[in-house]
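Following the hints, complete the assembly by docking chain X onto the known chain Y.
Going line by line, the protein sequences match chains Y and X.
Letter 148 of the first sequence, counting from 1, is numbered 988 in the working numbering, and no numbers are missing.
Letter 321 of the second sequence, counting from 1, is numbered 1161 in the working numbering, and no numbers are missing.
Just so you know, the hints here were simulated from the structure itself, not pulled from any lab data.
Don't take every hint at face value.
Which copy is meant is left open, so a pair is good if it fits within one copy or across any two.
Said to hold, decoys possible - No more than 25 Å apart at the CA atoms, straight line, and that leaves these computed lysine-lysine pairs for BS3-like:
no., residue 1, residue 2
1, LYS1108, LYS944
2, LYS1053, LYS1232
3, LYS1227, LYS985
4, LYS944, LYS1223
5, LYS923, LYS985
6, LYS1227, LYS936
7, LYS936, LYS1004
8, LYS1227, LYS1004
9, LYS1004, LYS1232
10, LYS936, LYS1080
Protein chains: 2
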Amino acid sequence: MTAELISVGTEILMGNIVNTNAQYLAAQCAGLGLSMYHQTVVGDNEERLAGAVRTAFGRADVVILSGGLGPTEDDLTRETCAKVLEMPLEPDEHTKERIREYFKNSTMGEIPGNNWRQAMVPHGAIVLDNENGTAPGLILEKDGKCAILLPGPPNELIPMFEEKVIPYLQRKQPELLISQMVKICGVGESKVESELLDLIDAQTNPTIATYAKVGEVHLRVTARAANPEEGEKLLRPVVKEIRRRFGTAVYTTREDETLEMAVVRLLKKYELTVTTAESCTGGMLAARIVNVPGASEVFRQGFVTYSNKAKRRLLDVNKSTLKKYGAVSKETVKEMATGGVFASDADACVAVTGIAGPDSEEDKPVGLVYIGCCMKDKVEVEKYQFKGNRQKVREQAVVKGLDLLRRCILESCAK
Amino acid sequence: MTAELISVGTEILMGNIVNTNAQYLAAQCAGLGLSMYHQTVVGDNEERLAGAVRTAFGRADVVILSGGLGPTEDDLTRETCAKVLEMPLEPDEHTKERIREYFKNSTMGEIPGNNWRQAMVPHGAIVLDNENGTAPGLILEKDGKCAILLPGPPNELIPMFEEKVIPYLQRKQPELLISQMVKICGVGESKVESELLDLIDAQTNPTIATYAKVGEVHLRVTARAANPEEGEKLLRPVVKEIRRRFGTAVYTTREDETLEMAVVRLLKKYELTVTTAESCTGGMLAARIVNVPGASEVFRQGFVTYSNKAKRRLLDVNKSTLKKYGAVSKETVKEMATGGVFASDADACVAVTGIAGPDSEEDKPVGLVYIGCCMKDKVEVEKYQFKGNRQKVREQAVVKGLDLLRRCILESCAK
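Okay, chain Y solo, but in the shape it has when bound (with noise of 0.2 Å):
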């Protein structure tokens, strides 16, 4: 089967914005056995929409839209697909109640009218809820093949694709695709690549991919098998190799667990309660804990010490540290990490102090960042020189952060 991509949007052409739904999109597709030739993106403009629907409905089995499904004059992927498609527009009295449901929860007031349109839908269309926005998403299905309407912000698309468009594409799709997600912190993608590429060598079912993210790296191990049973048989050996060869850096082998999710679920699982004391990354970690549902258990609270003064008023890091080796240094983290557990009574504190940029500090160049864990009265630090700008120097501190607690976890715990 193939799948072909047309992200609308004149603010892609006028490249205001990357086009990461293109990408999101397209990797799920990979994954789930779909061949893609085309991508396309065009404006909001309805001749040359028109076109590309009809073109990409000539030539592939699904054709999968994004972006145009929002209330104002510019949106027309919807009418557009209708018309194309010949299936025309009619109101739809369970989308036109959820809108009204959303207004009535939200304080954004009277319900504006151009609203409504989001309420028209072709006649005969799978309707997707959206949980996230108005704008439903649309299956419009024809001829054996069909087009997915879904709305532009991906933080609608993302999961209305998860929840609602996988099932219906695996239903479309005879052979099944079974796949393993095995989660890797603390080693780079060429290492992670370099260890497995006897495997992926010799792959032919099942195949591993790997996807680099901030400091992790992804490996999916996929199945063709003609059921789940005989999917899962084909993937457990492989699966147990890699754990094999990467141990405790495999943080989870779950497909929806993050690493601050995998953090917590070990906290809970010993019984731990931890704090930050944050200077360069400036909430970023706490924030990532708190990201998980029922972090209330483990986390109570957290320190950002941005300045000195706070550092010491906070945290109780002395003067003297300050001023003999400087905020961003070993002994400091040190200090910030045993005083973030005295000053909260947590059984943990995961401290991070660093030179995020754009100009160095103390003399110590940009991406320079100590991290430090102090858990039953140790601490362990470590230093780490990142490379990228401000954003993404504190990006991979918290990842770093994140997994120093989870080894620390694992050492005392664990064993």
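For chain X alone, coordinates are given in the frame of chain Y:
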């Protein structure tokens, strides 16, 4: 003049990489005043690539191809374009010499035989020397149109485009596009559009385009003109009228200024410091402020008080307030904000408490968020009911927190 992009690479179709080249090239073309109506991605397949080139050449004046100029069998862009535009390949001595030089100055050793393919140039083509790799860029002119072939790696493509392609295109394009950004916070997208409907309906030059972000709407006003001065003159009255209609909801007209940058700019201007007291946002608000280089001047510390105990201990919130009204209440956020100022000696404190979900708490609905800002002995409190998942609720809360701080500063200082 119209331009069109063709990105060549199976890795894009598979979703292995984000197509950042397309964004870069699109933004560059927009800046040069070229109109872009289509972008296409095709894989390393001669037939489909030839089809894409033919289609693009049929409808655009400038076709920019990126990728597929490498030395391997997969790399077909040069050969395919030569065939489609009927400009037969011939060896180019100058490029041969450059490849020889490139290898001589590197540690890569012997020149692999297939590298010589890169020295084959379509008859009559303009060769663009590659300062960062072996594949030269090529401009193929035909029938008043042109195809511009660029190497895929961004560190080769970007310098080549800026040094060689921009001057070439500027010679071809007589008219300039000048644009001005207007960023609005606290007004929904459809409200913004309906307020501007008369301007948008009447627009010819300049034009207004709207882009929705989380909690924000960005407007781009674009004029076509013979020179920058004329462009500015066309933009000025439109931007002034937008400012008149939205007042202080316009937080910036600077292209690169984010909401947090605008807030930090105002804090610096009025010599104020700020702290944060966060519950459901768990450090995200502090992290957004620390995002801004130089934030240390105005932000010294922040509190993440996720548990009630932490709210009491760090911010001195009354036990009875928490008991009587709950942690998610007007009363608690008020005490968090005043407590934050007191605990930190900052001039202002933004406090956030809410139910991010997935589960409701204290019999209060998911998405209910109170935001408070204490400044100069006055506390402003706002109540919101946000939609969406945990992450989206928190992102919206952060934007509203930054915006409340901004409005409080303007109200108390800008008079």
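Intra- versus inter-copy proximity for LYS1232 and LYS1004 (alpha-carbon distance at most 25 Å): This pair counts as between: shortest inter-copy Cα distance 19 Å, intra-copy 33 Å.
Intra/inter-copy verdict for LYS1227 and LYS936 if alpha-carbon distance must be at most 25 Å: between (49 Å within a copy, 17 Å between copies)
Up to 25 Å CA-CA - LYS944 versus LYS1108, copy category: Result: close neither inside a copy nor across copies, 37 Å intra and 39 Å inter.
25 Å Cα threshold - placement of LYS1004 relative to LYS1227: between (38 Å within a copy, 19 Å between copies)
Within, between, both or neither, where LYS936 and LYS1080 count as close if Cα-Cα is 25 Å or less: neither (50 Å within a copy, 38 Å between copies)
Homomeric proximity label, LYS1227 with LYS985: Cα distance no greater than 25 Å: neither (46 Å within a copy, 34 Å between copies)
Same-copy or cross-copy closeness of LYS923 to LYS985 [CA-CA at most 25 Å]: For LYS923 and LYS985, the Cα distance is within 25 Å only inside one copy (16 Å; across copies 33 Å).
Homo-oligomer pair classification [LYS1232, LYS1053; C-alpha up to 25 Å]: Answer is both; intra-copy 12 Å and inter-copy 21 Å each pass.
Intra- versus inter-subunit Cα pairing at 25 Å for LYS944 with LYS1223: between (51 Å within a copy, 15 Å between copies)
Intra/inter-copy verdict for LYS936 and LYS1004 if alpha-carbon distance must be at most 25 Å: Within. Shortest intra-copy distance 20 Å satisfies the 25 Å Cα cut-off; inter-copy 54 Å does not.
When held up to the earlier numbered hints, the structure conflicts with 1, 3 and 10 and fits the remainder.
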